[in-house]
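Enquirer: These protein sequence lines are chains W and G, in that order. All residue numbers for the first sequence refer to this note's numbering, where the first residue is 1 and numbers rise by one. All residue numbers for the second sequence refer to this note's numbering, where the first residue is 315 and numbers rise by one.
Treat the hints as calculated values from the structure; they're not laboratory data. Here a beta-carbon is modelled for each residue, glycine too, at the ideal position from N, C-alpha and C. Treat the hints with care, as some may be off.
[Claimed, not checked] Distance windows between CB atoms, simulated:
hint : chain 1 : residue 1 : chain 2 : residue 2 : range
1    : G       : D451      : W       : P88       : 58 to 64 Å
2    : W       : R4        : G       : E414      : 40 to 46 Å
3    : W       : A136      : G       : D642      : 53 to 59 Å
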Amino acid sequence: MEGRVLVLAGGLSHERDVSLRSGRRVAEALRSAGYAVEERDVDASLLAVLGADRPICVVPMLHGETGEDGAVREVLELLDLPYVGSVPAACRTAFDKPVAKAVVERAGLLTPASVCLPHETFRELGAAAVMELLVARLGLPLMVKPARSGSALGCTVVRDAAHLPAAMVAAFAYGDVALLEQFVVGHEVAVPVFDTGDGPRALPVVSIRPDGGVYDYTARYTAGSTEFRVPADLPADVLTACADVAVAAHTALGLRHLSRSDLIVDDEGRVWFLEVNVAPGFTETSTVPLSVAADGLDLGELVGSLITAAVSRP
Amino acid sequence: MTENTPRASGTHPVPAEASTRLDSYVDRYAARTQGMTASEIRALFSVASRPEVVSLAGGMPNITGLPLDVVGSAISDLIAHDGATALQYGSGQGMPALREQICGVMRLEGIDAHPDDVVVTVGSQQAVDLVTRIFCDPGDVVICEAPSYVGALGVFKAYECDVVHAAMDADGLVPEALEQAIVATKASGRTIKFLYTIPNFHNPAGVTLSAERRPQILDICRRHDILVLEDNPYGLLGFDAEPVRALRADEAEGVIYLGSFSKTFAPGFRVGWALAPHAVREKLVLAQESATLCPPQFSQMAISAYLSRHDWQGQVKQFQEMYRARRDAMVQALDDLMPAACQWNVPSGGFYVWLTLPPGIDAKAMLPRAVTARVAYVPGTAFFADGFGSSSMRLSFCYPTPERIREGVRRLAGVLEQEMELRETFGALPGSLEAPRSGYDAPSSDLT
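Chain G on its own, in the form it takes in the complex:
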């Protein structure tokens, strides 16, 4: 270093004091931000965005089949003819015309709803947030399936709720497990605010609540006075049959239903909705106004135009066919390539396969090896609030081509063989490691 070595110019000023935590606000954050930390696992997903990696991790809808010319023309017309309205603030509850159309969409699942009871939200993710905001105090319990949607778990954590999981099997949420969870939670003196459930083509489990169980689940919730939050983003993306009848179709007062255009049209518009009983809806509108003033008017009008001018149901059928081909490719590849000790389900819709690993294999611990082999998945622990799920993983088939899916499964099978060899060497792994800590173990929403 010479005498002429440059001195500080202020770009990165010298700290005023010798001690620093590199965060001026470290003592001021709300308690609920605890756990919002860097995650070793989340950092690994950064590699998954590279084209060399077959990502079976993300859940981005594959919208390559959308008629972009039609969408472009509709948007162009929208701006040309209604630009002053589209680019203005709108109603906190959402556009009446779109709410009317949303009722038409829900009618496909047996729901008879009035547009006044619909609240448009910024994706159904915001609907989960608003419902939790108006119902939950810190320490309140939300019952969730085991596993459950990572985005919802994040919301419940942010509002300092306690999540109690109830088991699922191939037919979805197990009624006995639900009842047991409710009884045990109440016996412990805690307050249950609602059951959060994804009855159709579950994220991440891939299963669908059977027709036989639907009335049982509703009956249990009625008897125990538990509100149901029915999240149904994949309901129209079934492969084998007509849309499954929604829980809300048979229970108007005890169910808040959440829907979304993110999977049936395009997630970039960020439009979803909540259908709620009158009193709840009023509070949701006020909560929406305090959160965003209003859902984006432009997006709502664009979607409204798309629904009215395009054969959107035909487009959904195309999506179904595309996703079915990808599901088939994944299941075939798993059948052909994975070690016998693995188990997985064959989803009848949606985006995901839930894979259970051979005993002793930890999906989270294995992820670095998988990334080295250029394949990515989401470890099962991301979908539990209580640390379970280490022996499982979520595999997404929505985005890669069938050929890439097979290649990804081939790589994953090789990784698993190596990991099994390692576990054979070191045997059962008692106890837990001290060092690995992490905040959010799931990829961000823009990961393919």
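So that you can see chain W by itself, here it is in the shape it has in the complex:
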């Protein structure tokens, strides 16, 4: 394909470091596949650069806010620049965990019971009373997450109600709204979905077994601290169910080109949707490249297929 591809990575989100690593890996893979690639941060000079020398396509490898909430893609739309990934409205829905959960639940998927509350509610109604209600409703253990963030930043498994206030404070450090979710005991898996033009298809299911039991930031980005199995060591019907859930979530949320759904398979083999990523990680320790390789695909050529799809968008 003639012209250069622009890989955007970095930005000012809390996940800047992860984004830079994802961007580098995707750029390297694209170069290996024969593309001319430029890597750029998102900063005040970006628009001038895009205006002066338009790339054939933009590949946003931006994680966290502005990257995954659709904001940067909205600007790319304004510039009429083709880009890989979902359109802004779908990103907004997917990046907001409570909203995404509501959408997939309406589509018939299982997702853990949850409550979403801003800090103000705790302040106005009294935190102790609200937290008591939350524990009564969701039980223990429960998961506390920022409503809008990634890489498990600000996420805590709460097993003792005495630790809930600290978990709330940790989540609110990343945003004003927190999601409290019933903790589903089971097998954590990640399922990438790619659509190069023939409809969404799930790639092999990746099982995730962190040494410490919790797939937190350290477990995600320290090579060696998590055992991955791909395809996951689950019965064939469960693997199929995981793939179906990921594709259904991708479709229900109106996502385009690629996504990664994070799921839990409980002891009875039921598949629970936790969240979806519209700009999944492509770092050296990320699950998507593992799944891509296990499917016998070349990462650069696969992303290249997405570029082709983006450029040929009607």
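Given chain W's structure and the hints, the job is docking chain G onto it.
Expert: Frame of chain W, contents of chain G only:
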């Protein structure tokens, strides 16, 4: 996905087996690498490198005032006239001429030393490493101030030492606390190898060991037969007076003194030194040779030329004035903007202010909010080996302009107000969280 979907070409090959940890060597690392893990906090510092963020986190010396033309000319001459020597291996102990000049630098702090007892190192950071290497077995104890320099704590951890902290106050290390730590450690049957101390313009605490306490600290260490590792990178960067007399000036046998050109000249040359008693020096040289063969000859010759051809002490005075203006800006901004419940010191030199937060506020937990507000600092926990320090933070005034420092403090004050509101909502936070784990919570050395 079509039938023509590309297949793997080998760039990222399919794993040979279905199970992988993405690290072929995961079972082979030494035990001491435990804890060398990705850190959520360290990742946040990645944002701090962006110009939109006022970073009060890093400790990079501000060398914008250096006469780069003079340095450039000296380096050009060096290569033109002595290139074959400058680009060659050198002595493991370091260049004799530079060691002579280093003795002249130390004389400003009252130290009378012989060049034979100086070992040039790759920054004083390597001197900390070499001293620890030759003295410490796993499980040996190093006594450190509370808080202490994160880079030294990293070295002690790498050599599997146990760190015992001794309290400081506004006058530096508290003699009673030191003695108590020594007695308690010995009573527990453990072996203390040395006291690691930064007497002047402490990193991170900003305080300076008072003149009254210096002989007391030396006396305690003499009585208990404890070697002192005196780390003094900021000693010439005082704002108010002549250089403070070094501990080594009054105790030659019981003190290893570490110095550096990173703050008085330029860190890029990576040249520091250790001044040690004869027997120790011999071992340091052998350790240096096994670590690097020799300190960089080019850097040593460049520094030697700079010291001999340039008014380096005049340059240090300029640095002092610049850092003093930044210290003043930070302290004024803290006075004007921070909530009353915060406490901080007014350093008389160096790069850092140590700020203690209102009760119940956790600096580490607050950092994501600060990064969102485009200001960064280092949480106090980075400077303790035992998990303490959560209610404190280190603020660096060395790099940003006075205007940016004030803006950074303004942002930090806003973040703190929000955090206090949150703590008011949720009250005291009993117990500790299960999830957050991290390896290294301090920024890398190239962070401004």
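Enquirer: Under the constraints set out in the numbered hints, which ones does this structure not fulfil?
Expert: As far as the earlier hints go, only 2 is violated by this structure.
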